[in-house]
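S.K.: Chain A is already provided as a structure; the job is to place chain B on it using the hints.
Number of protein chains: 2
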Amino acid sequence: MTRSPILRRGLLAGAIIAAPALFPVAGHADEGMWTFDAFPTAQMRQAYGWAPDQAWLDRVRAAAVRLTGGCSASFVSNAGLILTNHHCVAPCLQDLSTSGNDLMSKGFRPASRTEERKCPGQQAEVVTAISDVTGPVKTAIGARTGAELVKARDAQIAAIEKAGCPDTARTRCQVVMLYGGAQYKLYTYRKYSDVRIAWAPEDRAATFGGDPDNFNFPRYSLDASFLRAYEDGKPVSPPAWLKWDPRPPRAGEVTFVVGNPGSTARLYTTAQRAFDREVRLPVTITTLSELRGRLLTAMAQTPERNREGQEELNSVENSLKVYIGRLKSLEDPVFWKRLDDADAALKAKVAGNPAIGDPWSQVATAMTAYRELYLPARSIRPAGDLYDWARTLVRAAAERTKPNSERLPGYTDSALPLTEKTVLDPKPVTPWLDRLELEWSLSKAREYLGADDADTKLLLGKESPEALAARLVSGTKLGDPAVRKALWEGGEKAIAASNDPMIVFARHLDARDRELTKELNARVNGPLTVAAGKLADARFAAYGPSVYPDATFTLRISIGKIEGWVERGKPVPPFTTLGGTFTRATGFEPFDLPPAFAANQARINKAVVYDFVTTNDIIGGNSGSPVIDRAGTVIGAAFDGNIHSLGGNYGYEADVNRTVVVASASVDEALRSIYPSPALARELAGRP
Amino acid sequence: MTRSPILRRGLLAGAIIAAPALFPVAGHADEGMWTFDAFPTAQMRQAYGWAPDQAWLDRVRAAAVRLTGGCSASFVSNAGLILTNHHCVAPCLQDLSTSGNDLMSKGFRPASRTEERKCPGQQAEVVTAISDVTGPVKTAIGARTGAELVKARDAQIAAIEKAGCPDTARTRCQVVMLYGGAQYKLYTYRKYSDVRIAWAPEDRAATFGGDPDNFNFPRYSLDASFLRAYEDGKPVSPPAWLKWDPRPPRAGEVTFVVGNPGSTARLYTTAQRAFDREVRLPVTITTLSELRGRLLTAMAQTPERNREGQEELNSVENSLKVYIGRLKSLEDPVFWKRLDDADAALKAKVAGNPAIGDPWSQVATAMTAYRELYLPARSIRPAGDLYDWARTLVRAAAERTKPNSERLPGYTDSALPLTEKTVLDPKPVTPWLDRLELEWSLSKAREYLGADDADTKLLLGKESPEALAARLVSGTKLGDPAVRKALWEGGEKAIAASNDPMIVFARHLDARDRELTKELNARVNGPLTVAAGKLADARFAAYGPSVYPDATFTLRISIGKIEGWVERGKPVPPFTTLGGTFTRATGFEPFDLPPAFAANQARINKAVVYDFVTTNDIIGGNSGSPVIDRAGTVIGAAFDGNIHSLGGNYGYEADVNRTVVVASASVDEALRSIYPSPALARELAGRP
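Protein chains in written order, with the numbering used here: chain A, 352 to 1039; chain B, 352 to 1039.
For reference, chain A alone in the conformation it holds in the complex (with noise of 0.2 Å):
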């Protein structure tokens, strides 16, 4: 599933750092995740014969939704109905869900508009424009390095964004940093933060096949669900929507993907390539293979376990098979060359200039920083819900006191309504999961720390990872939404008072989780960001402008075919159909059918496209995108990519890389004869 590899629950998020992004120069006419500011229509007029013009980018751009829980999305009726996979609504199902009504295992057909659910701590936001800022934010900078770059940059950021949006009510202003912070763009969006879940077919046809099919192809999945945006009460009626065409995709047929993937590192210096190999994903793989293997036992336990857990398994096993395949890339030597070669071939053609200077040096010096700031900034926020909400609680009570500018990000004017959304909307906690995860995390920083390490002291005194977890979990009053609500509005001061315990515990790490990014900002995203301005006037002087920046969870469009590729010598077919999926199954979880399909067998028609293929190049985060034809219509749902995109974080592969998208027709043959839904489907067709 080609969603966001960053976890919910806090899993890796002392991991996450700006990824300096670099200046890709397209190598192939299907290469590059473009700004809607700057689509390549030269270029894709050589290759294609003809490209969209700017009415159709407008309507296009107007129609697609981001959805803040880490997927792409577009509206497809006049009436806020928006399309986008099942697995980017599987969490909200998830937390829907009782043990005597499970909506990931029935999934969810209202009977009625009425009935449709609001999704805990989702948001849908449309782009309305977009204008450069980066005169103000490169001037806010001056001569600045380190942290105090990175402090005059954050606080320049928040005024432009409270100044864009002042009805926050109803629209977020957001700056993105581009090329590694060479450009500041300001997104300005119309927001919708009331977001119900209008349709959801069973989990077992969106994920027929398990971990052992994701990222594969042959594929049978009907990874496709619908949300409505609502506002005061009712369905909104955006201003711009897709057209549906349930009609089958032709081989060749070029495709567009608009949707926001989350981050690539296409153009890592080799130091930074180097880190990712040598550190960060060995880390990372291996200590979530230990959380796969911990919460495979622990659902195997009861129905009731196995219920609570499906979507953090599903989450943690995606992102797996993400960090692996990527490991894999760095490790294959072909690929590794033709990266480091890239690398070389740039820094040859710009020695000796005086205005580039030597920023590989600067970023190696970064590099080697950051190898010793990792572990402990990774382990100083352990995982899960609770912990999350306590962080964020006592974070939020202290930045609320000072000055926009002074504040961190996520808790300035712009960024506030979203986090408090996140805490305050009711959604259940599952305890045993929490204290499984908290468990975790705290063994894995006492492992990679080291018993007598300071922050491993810091973290759990003389207590162990199990019995603190268990006291932690046990004794927090966190899942009463009303609690938290009360420490939110009763800021510093009840947070100073609060005997919760993960409240204390949380208050404990505030010091040094501040410190540890202080010094992060010094030693590491700062150097980091001076040295991206000077690759990136590298990458111009030695390539011209035409190059796109890499992936900020932001509007992007890809440009491709329906194209299969050749696997061993052998060719792989671009379609599945519907019919093959009653090949496939064997009876055994995960290839055992869906329920509706085995008892619509006889209806279904399965010749019906299922599954199809694109050159497009896309990443997670572009989960639920539409896969729009020429005509500008949805053709399909972007829901994954094959196995050979995993390496695309850092290099796209023209021959092999390939997005996997879910057919609208299938949608159509699934609304019509599998999970009928009569009304959807009229709604679909335009009609009343």
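For the record, the hints were derived by calculation from the structure and aren't laboratory data. No experiment lies behind these values; they were computed from the predicted model shown. There may be inaccurate statements among the hints.
Given that identical chains are not distinguished, each listed pair holds provided it fits within a single copy or across any two copies.
[As the list claims (entries may be wrong)] Calculated pairs, BS3-like style, for lysine-lysine (alpha carbon to alpha carbon, straight line, at most 25 Å):
1) 778 / 688
2) 585 / 513
3) 813 / 957
4) 912 / 594
5) 688 / 698
6) 869 / 700
7) 672 / 921
8) 672 / 808
9) 513 / 536
10) 921 / 808
M.R.: Just chain B, lined up with the frame of chain A:
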């Protein structure tokens, strides 16, 4: 723990391949795991001003014991008493435990010798002769290559071993390949197949600090135990034993470690190290981490499961720490370059020598083949005692019908008695644990080979790993030693007639298992043997004859001294004391005091040296090795390396690589004040 990271229960058995040993040159006086027939007397004299004479070496060699479970040991009394590590007897303690009588947690102190209990599967072996058989083996090989080479070699080895040891009840012959095939030596052992547990402390005393402190120092571990060899129901009087000296060890004094290091890869070519870094270690670490998570959660379910899984978890965590440390060492650019440079230097020295040719390319070609075969070979042998028994029974039945020269290794006349003992010794089965490991290994096979792979389909048919593992483990009767005995004795007819699902499964996999072995021999092991011969020639030509062979789980002696090291600028002293345990204890697992320590706190002499470190060069398999002073007396038992020793698989780093030893002094104090065992103390003191 420096036991061999080759796990019990066949966990990684498919991954084992004969390491093509090369020709290390000792770069430092303390580097080297020397064979007894090539002790570096001159080198030691130069570094230490003294070296032991032949009588000293002969006496020490005659008292050194190999434990077939994968450890080392020594005779320390004239009544067959054997000193080894607690973690070397832990599988025995686990097998002899019941829910009402947990010998792991309580330890084992029999009131008299008659209460000593036999350890399933364990055998003690003492080298009595070493002779060179390189000539006959090489003659048998002739000009053969690939699978034919391996076949001819193994046939000749089987013949030599059979001729050398007609008394298979009391002797065992084993031809050992040194330097990857440049030399073949016949080791003749006096064997003792009735080995009983004589004394063990509480598990917590041995594993104080648990996994966090494993491979670390300062250390507070009583990782010592005693076995006793029996014959005809009576304790044996061995031809030689070492004097036990509980005196305090002295900083700087010379120490010898005599034991059986399992395997090293000190002078792999770069292609071989790259395979470890890029393929073997990432796959092994990732999958073992998941197993660790599965075990941890399964064990936390009930105290009984916690007891039943303890030794397996310890083994998995120990192996994992070894592999993570190895990968980290290979991912260290400085360490990698040092080894790479050494490889390049040798290549340069012999460039153009027609007698050498280009073995580096031959190795690279073999490793490319191994990259193809590694995952299938690993996957074709699912994990667990039950499957291991089934596989051995199926193979033994077929192999025993063949002439000795045509059998697979492990089934020749010289090897059969130990194979038979391993299968037939009564040993409890823990069905949930076998099922967990079988399910895990089948699930990882599917993950790494892919759901559509032919081997995956052979393994699973249409079943899921979960369903298949449950069916096999619940249906098999192989847990009953009598059933195994009947199948062993019934031979091919009984195997063919068996409906036991585990036997049926092993029969089903057997042809492909053999085919993969053959292909490995043809494309990997055969070519590596030829190349290793050439690399050996190259190394001798470049550096002369003073080199030690890579480890082969045969008897070696290493030279060193008691010395700490400097860690991040701070000196680490070489000793800890018994009293330090009380300071380090937190009250929480795994830093909780062993009950007997708490109960006897007032009596314990806290100034006694507990553990210490030396510069000796050891590796997994050396666990339990006697640490011997200049006088030839035992001053401790090696039980671990420090964290820097983990890269020692590839290269010895003299400044930081240390052996961790439990002092005879602290064992003696334990026998007096903590676990009073006056008879044993008297026996060790040589008093009646």
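S.K.: Are the hints correct? Go through all of them and say.
M.R.: Do the hints match the structure? See the list:
{"no.": "1", "hint": "778 / 688", "in the structure": "neither (47 Å within a copy, 52 Å between copies)"}
{"no.": "2", "hint": "585 / 513", "in the structure": "neither (28 Å within a copy, 88 Å between copies)"}
{"no.": "3", "hint": "813 / 957", "in the structure": "between (62 Å within a copy, 23 Å between copies)"}
{"no.": "4", "hint": "912 / 594", "in the structure": "within (19 Å within a copy, 79 Å between copies)"}
{"no.": "5", "hint": "688 / 698", "in the structure": "both (15 Å within a copy, 23 Å between copies)"}
{"no.": "6", "hint": "869 / 700", "in the structure": "neither (35 Å within a copy, 52 Å between copies)"}
{"no.": "7", "hint": "672 / 921", "in the structure": "within (24 Å within a copy, 41 Å between copies)"}
{"no.": "8", "hint": "672 / 808", "in the structure": "between (33 Å within a copy, 21 Å between copies)"}
{"no.": "9", "hint": "513 / 536", "in the structure": "within (14 Å within a copy, 80 Å between copies)"}
{"no.": "10", "hint": "921 / 808", "in the structure": "between (56 Å within a copy, 20 Å between copies)"}
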